[in-house]
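Using the working numbering, you'd call the opening residue of the sequence shown number 1380 and step up by one each time.
It is worth saying that the hints were derived from the structure and are not from the lab. In this text the structure is predicted, and so the values were computed from the model without any measurement. Glycine is no exception: its CB is placed at the ideal position from the N, C-alpha and C atoms. Some hints could be false.
When the alpha-carbon atoms are kept at most 20 Å apart in a straight line, the in silico EDC-like pairs for lysine to aspartate or glutamate are as follows [claimed, not checked]:
hint : residue 1 : residue 2
1    : K1552     : E1810
2    : K1552     : D1660
3    : K1552     : D1519
4    : K1552     : E1816
5    : K1504     : D1694
6    : K1518     : D1730
7    : K1552     : D1694
8    : K1504     : D1530
9    : K1552     : D1542
10   : K1552     : E1597
11   : K1504     : D1542
12   : K1504     : D1519
Simulated DEER-style distance windows between Cβ atoms [to be verified]:
hint : residue 1 : residue 2 : range
13   : Q1764     : G1686     : 35 to 41 Å
14   : S1658     : D1542     : 31 to 37 Å
15   : G1686     : D1737     : 26 to 32 Å
16   : R1539     : D1823     : 19 to 25 Å
17   : G1454     : R1652     : 43 to 49 Å
18   : S1658     : A1758     : 55 to 61 Å
19   : R1618     : T1495     : 38 to 44 Å
20   : A1461     : T1521     : 29 to 35 Å
21   : E1606     : G1513     : 31 to 37 Å
22   : V1498     : D1781     : 23 to 29 Å
23   : I1622     : A1451     : 45 to 51 Å
24   : E1604     : R1458     : 41 to 47 Å
25   : G1656     : D1709     : 29 to 35 Å
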Amino acid sequence: MKDDSGGPARRGQPQRFAVIGGGMLGLTLAHRLAGQGRDVTLIEGAPHLGGLASAWSLGDITWDRHYHVILASDGHLRRVLAEIGLDSEIEWTTTRTGVLANGRLHSLSNTIEMATFPVLNVVDKARLAATIMGASRIKDGTHLERIPLSDWLIRWSGQRTFDRFWLPLLRSKLGENYRETSAAFIWATIRRLYAARRSGLKEERFGYVRGGYAGILERLGQTLENEGVHIQLGRPVARVSVIRGRPVVSFADGTSQPFDRVVVTAAAPLAARLCEGLSADDHDRLAGVRYQGIVCASVLLTRPLGGFYVTNLLDPAPFTGVIEMSALVDRDRFLGGHHLVYLPRYVASDDPFLKVPDAEIRASFLRALTGMYPDLVPAHVLAFQVSRVPYVMALPTLNYSDRIPPVRTSLPGVFTVNSAHIVNGTLNVNETVQLAERAAIAFDGEWVGNSLPSLDGQ
């Protein structure tokens, strides 16, 4: 037997796993594998944990780089939070939803406000309500993968409601890719949000952990260290290959480490580039997954905006929505008394907007924001920072299940587990945690074929 620098482990020793990627997917998978008695190394190219869930400093506060919310129905995430002692730290809040249409802000937080929404007539509103209710009652959306998103919405909501309500929202989230997206996308979105609403007037009730994801990541990192997981930060991976039948992780600094199993949690196109020697089919399936990215501005203000947690935009704007985090988070305790707003813009992974300079984005976004909220002036803006991520959400294109990339790759001992394996779901932290748990179960048992086991009957 060789030491930690190479060679297979002795009989009776735990398998050496490398988990590449320190986001919530990689962290949860490492946590579950360590619980199975594996020898786990978590490798992250950035100097900190978190990935899309990471935190950063904005002015004099530290909060999430992108907006996140916890639903009462997020059972997988809440189980992990309970294991690390944070489920009791969730603050629950009733929020409101707004819509900007025809230059005016409207509240759409309950059925009464929906009934008086002036953009749609009575018939349109009835069909919209029937669409949402019908989608929320569908338990298995697999058959919706065969139906174009726009066709399904027009059939249920009607052409007028599609043009006036659904189309602006779809374009803001998917761009022109909405034309190639299946109806499973809107089903999964409605199903998750509907689960967050209470009875009666169906008020939205969302939660967050005190201190945001910075506290979650710190506690989860400590838990992994206590479980014996080796965490390597600031270690960009150059490639994953197989040498003499054993997976080897090669780093950008020229060093390398062998393992018994390597799990790559990077986005599918990145995994295709990292994994050297894949079969043509494996490579094409990974590289062929289409992604939406995001350009997300965090804005720290001295004053509130509309008081809505989410404001959806039916009017044109350079961003795709307004997320007023201080309508959810206790600003006096966690935001230094300020108001935190996210202005996301979802783009294709190769969209040139990902390279637009910060100053240009700031000027464009703030000009549009002050147009929506005329009382907002430059002096109210304390900080403005831009995050860019080219690979955020795998697009649920038509018949997506037929093209799911491999989990067990053609490289012996090399696996890929990433957002492309979330089928008929929405990209959120709970779905990500669930995906990690499905992978851990597969590694712990008899793995038949190339698919992950389901959880909770899903």
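Here is what the structure says about each hint:
For the hint pairing K1552 with E1810, the CA-to-CA distance comes to about 19 Å; that is within 20 Å, so the pair holds. A distance of roughly 30 Å separates the Cα atoms of K1552 and D1660; the hinted pair therefore is violated under the 20 Å criterion. Using a Cα cut-off of 20 Å, the hinted pair K1552 and D1519 is violated, with the two alpha carbons roughly 23 Å apart. For the given pair, K1552 sits about 28 Å from E1816 by alpha-carbon distance, which is inconsistent with the 20 Å threshold.
Proximity of K1504 to D1694 is assessed by CA-CA distance (about 19 Å); at most 20 Å being required, the pair is judged to hold. Annotation: proposed proximity of K1518 to D1730 is violated, straight-line Cα distance about 35 Å (limit 20 Å). With a CA separation close to 14 Å, the supplied pair K1552 and D1694 stays within the 20 Å bound. Simply put, K1504 and D1530 have alpha-carbon atoms about 18 Å apart, close enough for the 20 Å limit, and the pair holds.
Taking the CA atoms of K1552 and D1542, the gap is near 15 Å; set against the 20 Å cutoff, the hint holds. The suggested pairing of K1552 with E1597 is violated, with an alpha-carbon distance near 31 Å, which exceeds 20 Å. Note on K1504 and D1542: the hinted pairing holds, with a Cα-Cα distance of about 13 Å set against a maximum of 20 Å. Between the alpha carbons of K1504 and D1519 the distance comes to roughly 25 Å, so the proposed pair goes past 20 Å and is violated.
Our hint of 35 to 41 Å for Q1764 and G1686 is violated, since their Cβ atoms are close to 23 Å apart. For the pair S1658 and D1542, the beta carbons lie near 45 Å from each other, so the given range of 31 to 37 Å is not met. Look at G1686 against D1737: about 28 Å separates their beta carbons, and that is inside 26 to 32 Å. The hinted window of 19 to 25 Å between R1539 and D1823 is violated, with their beta carbons roughly 52 Å apart.
The hinted window of 43 to 49 Å between G1454 and R1652 is violated, with their beta carbons roughly 34 Å apart. A hinted range of 55 to 61 Å holds for the C-beta pair S1658 and A1758, which are about 59 Å apart. Distance hint check for R1618 and T1495: the Cβ-Cβ separation is about 58 Å, which falls outside the suggested range of 38 to 44 Å. Checking the proposed 29 to 35 Å range against A1461 and T1521 shows it holds: the Cβ atoms sit about 31 Å from each other.
Judged by the Cβ atoms, the range 31 to 37 Å given for E1606 and G1513 is violated: they are separated by roughly 45 Å. Distance hint for V1498 and D1781: a CB-CB separation of about 38 Å, inconsistent with the stated range 23 to 29 Å. Range check, I1622 to A1451: Cβ separation about 48 Å, and the 45 to 51 Å hint holds. Between E1604 and R1458 the beta carbon distance is about 20 Å. The supplied range of 41 to 47 Å is therefore violated.
A hinted range of 29 to 35 Å is violated for the C-beta pair G1656 and D1709, which are about 51 Å apart.
Checked against the numbered hints above, the structure violates hints 2, 3, 4, 6, 10, 12, 13, 14, 16, 17, 19, 21, 22, 24, 25; every other hint is satisfied.
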